[in-house]
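This is what each chain is made of:
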Amino acid sequence: MEIEPVAEPAEPPAPPPAAREPIRRSNLMTGLIVTAPVGTLVISVATGAIFILGVDGVRAIVAGLIVGGIVWLAMGVAATSFLQCDRANRSIHKELTTRLEAMSTDPLPAAAERQLYALAQELGVSLSSVGSDEEHRRLITQLQNPPR
Amino acid sequence: MTNSLEWALGYGYVRSWERLHRIEEEKLFAAPPDELIAEAARDTLRLQGSNIDNRDQLLEQLQRATSVLASSSGVSAGVISAPASALAGLVPPFHSGDDAVARRLIRQVRHAINEYRDDRRLALVRARNQLLRTIVLTALVTYQLVVLAILAGAPRPAFISAVAFFLIGATVGLFNRLYLDASTETAVEDYGLAASRLLHTPVLCGLAALGGALIVPLLSAQINPTIDDNAATVAASSLAAIFDITQRPFTLVLAAVFGLTPSALISRLQSEAEKYKSDLKSSETPAVR
Numbered sequence: 001m002e003i004e005p006v007a008e009p010a011e012p013p014a015p016p017p018a019a020r021e022p023i024r025r026s027n028l029m030t031g032l033i034v035t036a037p038v039g040t041l042v043i044s045v046a047t048g049a050i051f052i053l054g055v056d057g058v059r060a061i062v063a064g065l066i067v068g069g070i071v072w073l074a075m076g077v078a079a080t081s082f083l084q085c086d087r088a089n090r091s092i093h094k095e096l097t098t099r100l101e102a103m104s105t106d107p108l109p110a111a112a113e114r115q116l117y118a119l120a121q122e123l124g125v126s127l128s129s130v131g132s133d134e135e136h137r138r139l140i141t142q143l144q145n146p147p148r
Numbered sequence: 001m002t003n004s005l006e007w008a009l010g011y012g013y014v015r016s017w018e019r020l021h022r023i024e025e026e027k028l029f030a031a032p033p034d035e036l037i038a039e040a041a042r043d044t045l046r047l048q049g050s051n052i053d054n055r056d057q058l059l060e061q062l063q064r065a066t067s068v069l070a071s072s073s074g075v076s077a078g079v080i081s082a083p084a085s086a087l088a089g090l091v092p093p094f095h096s097g098d099d100a101v102a103r104r105l106i107r108q109v110r111h112a113i114n115e116y117r118d119d120r121r122l123a124l125v126r127a128r129n130q131l132l133r134t135i136v137l138t139a140l141v142t143y144q145l146v147v148l149a150i151l152a153g154a155p156r157p158a159f160i161s162a163v164a165f166f167l168i169g170a171t172v173g174l175f176n177r178l179y180l181d182a183s184t185e186t187a188v189e190d191y192g193l194a195a196s197r198l199l200h201t202p203v204l205c206g207l208a209a210l211g212g213a214l215i216v217p218l219l220s221a222q223i224n225p226t227i228d229d230n231a232a233t234v235a236a237s238s239l240a241a242i243f244d245i246t247q248r249p250f251t252l253v254l255a256a257v258f259g260l261t262p263s264a265l266i267s268r269l270q271s272e273a274e275k276y277k278s279d280l281k282s283s284e285t286p287a288v289r
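Line by line, the protein sequences are chains A and B. Per this note's numbering, the first sequence starts with residue 1, numbered consecutively. Per this note's numbering, the second sequence starts with residue 1, numbered consecutively.
What the hints contain is simulated information worked out from the structure, not anything from laboratory work. Where hints are given, some of them may not hold.
What the hints assert, rightly or not - To spell it out: a stretch of chain B is covered by chain A in this simulated footprint if at least three of its residues, at any positions, have a beta carbon under 8 Å from a beta carbon of chain A; those stretches are:
1. 113-119
2. 128-136
3. 151-164
4. 175-182
5. 187-201
6. 264-278
Stated by the list, open to error - List time: in silico SDA-like cross-link candidates among lysine to any residue, alpha-carbon distance up to 25 Å:
7. B:Lys281 <-> A:Asp86
8. A:Lys94 <-> B:Asp118
9. A:Lys94 <-> B:Glu6
10. A:Lys94 <-> B:Glu25
11. B:Lys281 <-> B:Arg156
Said to hold, decoys possible - Non-contacting residues of chain A with respect to chain B, defined by C-beta distances greater than 12 Å in every case (computed):
12. Glu21
13. Ile70
14. Leu73
15. Ala74
16. Ser126
Bear in mind the structure is a predicted one, so any value in this text is a computation, not a measurement. Positions of the beta carbon are idealized from the N, C-alpha and C atoms, including for glycine.
Sequences are here, hints too, so could you generate the full structure?
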């Protein structure tokens with residue numbers, strides 16, 4: 001098996017200021033999509049409530065759309081805080097990071113270690129104790145001369 | 001799909017599990033024989049309790065590979081004894097090539113278990129996202145009903161009655177949901193499927209209650225010959241009369257009964273999800289190793 005030297009992964013570069021606006025817009029769109037099931041219900045509730053309160057016809061519908069739309073937008077903006085991988089589903093993120101950290105303490109083949117680093121970076125985890133060069137050498141020796 | 005949407009919809013986590021599993025399989029392939037045998041024993045226990053389709057073949061494959069590894073590395077403790085059929089044709093001494101084949105076989109079995117679990121996770125995520133889309137569509141239909149009632153000039157008391165029927169159906173549906181939830185498996189992560197079902201229940205049950213409260217009086221007026229013809233015609237033609245709870249308080253009971261009708265659909269959705277969760281649970285690493 002070919003075991004290659006491991007390169008330290010670089011920190012992800014911060015997005016330039018001009019690129020932040022599309023990211024924010026994309027996050028807002030995601031927030032609106034995620035809150036769509038509740039948002040569409042809120043519009044119905046708002047329209048019905050406005051009609052019951054005494055506004056008639058098209059005015060009730062338009063007012064319901066505006067009020068419901070504003071509430072939906074607010075929910076979408078609030079949801080943008082929960083879109084990162086560590087906040088969208090905390091329990092799964094925790095489970096994944098625990099497994100990653102446990103795996104990083106054991107020696108790994110170079111290709112697997114690179115993948116581990118890449119995954120850790122995507123999940124926002126810093127792996128402190130990844131197998132050292134000495135462990136790599138031990139692993140290579142072990143693979144070339146397995147104990148009988 | 002943007003990265004944040006992937007996390008929010010749950011696909012990102014499934015993809016991360018898949019990547020983590022590929023790393024784990026690489027690590028397993030390169031592990032020392034003692035660790036490999038221990039991991040194979042663990043996979044044997046996982047397979048024995050699982051619902052994986054080709055479980056028996058995988059178990060046999062695992063046992064053959066473990067026997068070769070154990071024999072070539074001189075290990076005997078912790079090796080699960082293989083049935084005679086699994087060991088047929090295996091005669092030591094083994095060659096170095098056999099060792100590599102055994103490692104590959106163990107990795108393949110781990111890959112099969114991981115793939116099975118990842119498929120179940122993906123199924124849960126897909127079911128949840130499908131349900132969320134259904135909720136959006138159902139909510140849009142509800143909105144159209146509200147708009148139609150307003151534009152058609154529905155009297156306000158009738159509109160309030162319709163809202164009351166909807167709410168009664170939603171409440172009854174949620175109570176029924178509590179009953180169904182008593183039998184659910186909560187130890188396995190369901191990627192938000194239960195929460196989506198909880199949101200789906202009041203909308204669906206409310207609409208069913210509203211439909212029931214409308215259809216039953218209309219039908220009874222048409223098919224019951226004992227009712228005065230004139231009164232029946234008036235009742236059937238006037239939606240305002242049907243949606244008047246002061247005149248027809250019994251319609252509230254009808255709404256409650258019809259609020260329970262989507263329970264068959266909801267329990268079917270639930271049983272599908274429970275199957276995926278039980279598959280995940282059955283192929284988990286056993287507590288006692």
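Against the structure, the hints come out as follows:
Interface restraint, the stretch 113-119 of chain B with chain A: violated (0 residues with C-beta to C-beta distance below 8 Å; minimum three). With 3 residues having a beta carbon nearer than 8 Å to a beta carbon of chain A, the stretch 128-136 of chain B meets the requirement of three or more and the stated coverage holds. Counting residues of the stretch 151-164 of chain B whose C-beta sits closer than 8 Å to any C-beta of chain A gives 6, which meets the bar of three, so the coverage hint holds. Counting residues of the stretch 175-182 of chain B whose beta carbon lies closer than 8 Å to any beta carbon of chain A gives 0, which falls short of the minimum of three for the stated coverage.
Under the rule that three or more residues need a Cβ within less than 8 Å of chain A, the assignment of the stretch 187-201 of chain B holds, with 5 such residues. Look at the stretch 264-278 of chain B against chain A: 0 of its residues bring a Cβ nearer than 8 Å to a Cβ of that chain, fewer than three, so the hint is violated. Between lysine 281 (chain B) and aspartate 86 (chain A) the CA atoms are separated by roughly 24 Å; this keeps the pair inside 25 Å, and the hint holds. The hinted pair formed by lysine 94 (chain A) and aspartate 118 (chain B) meets the criterion: a straight-line CA distance of about 17 Å does not exceed 25 Å.
Restraint check for lysine 94 (chain A) and glutamate 6 (chain B): satisfied, since their Cα atoms lie roughly 17 Å apart, inside the 25 Å limit. Between lysine 94 (chain A) and glutamate 25 (chain B) the alpha-carbon distance is near 21 Å, which keeps this suggested pair within the 25 Å criterion. Distance restraint check for lysine 281 (chain B) and arginine 156 (chain B): the Cα-Cα separation of roughly 52 Å exceeds the 25 Å cut-off, and the hinted pair is therefore not satisfied. For glutamate 21 (chain A), the non-interface assignment is confirmed: its Cβ lies about 14 Å from the closest Cβ of chain B, beyond the 12 Å cut-off.
Distance check for isoleucine 70 (chain A) against chain B: the nearest CB is about 16 Å away, which clears 12 Å, and the non-interface claim stands. The Cβ of leucine 73 (chain A) lies farther than 12 Å from every Cβ of chain B, with a closest approach of about 16 Å, so its non-interface assignment holds. Every beta carbon of chain B lies more than 12 Å from that of alanine 74 (chain A), the smallest distance being close to 17 Å; the non-interface claim holds. Every CB of chain B lies more than 12 Å from the CB of serine 126 (chain A), the least distance being 16 Å, so the non-interface label holds.
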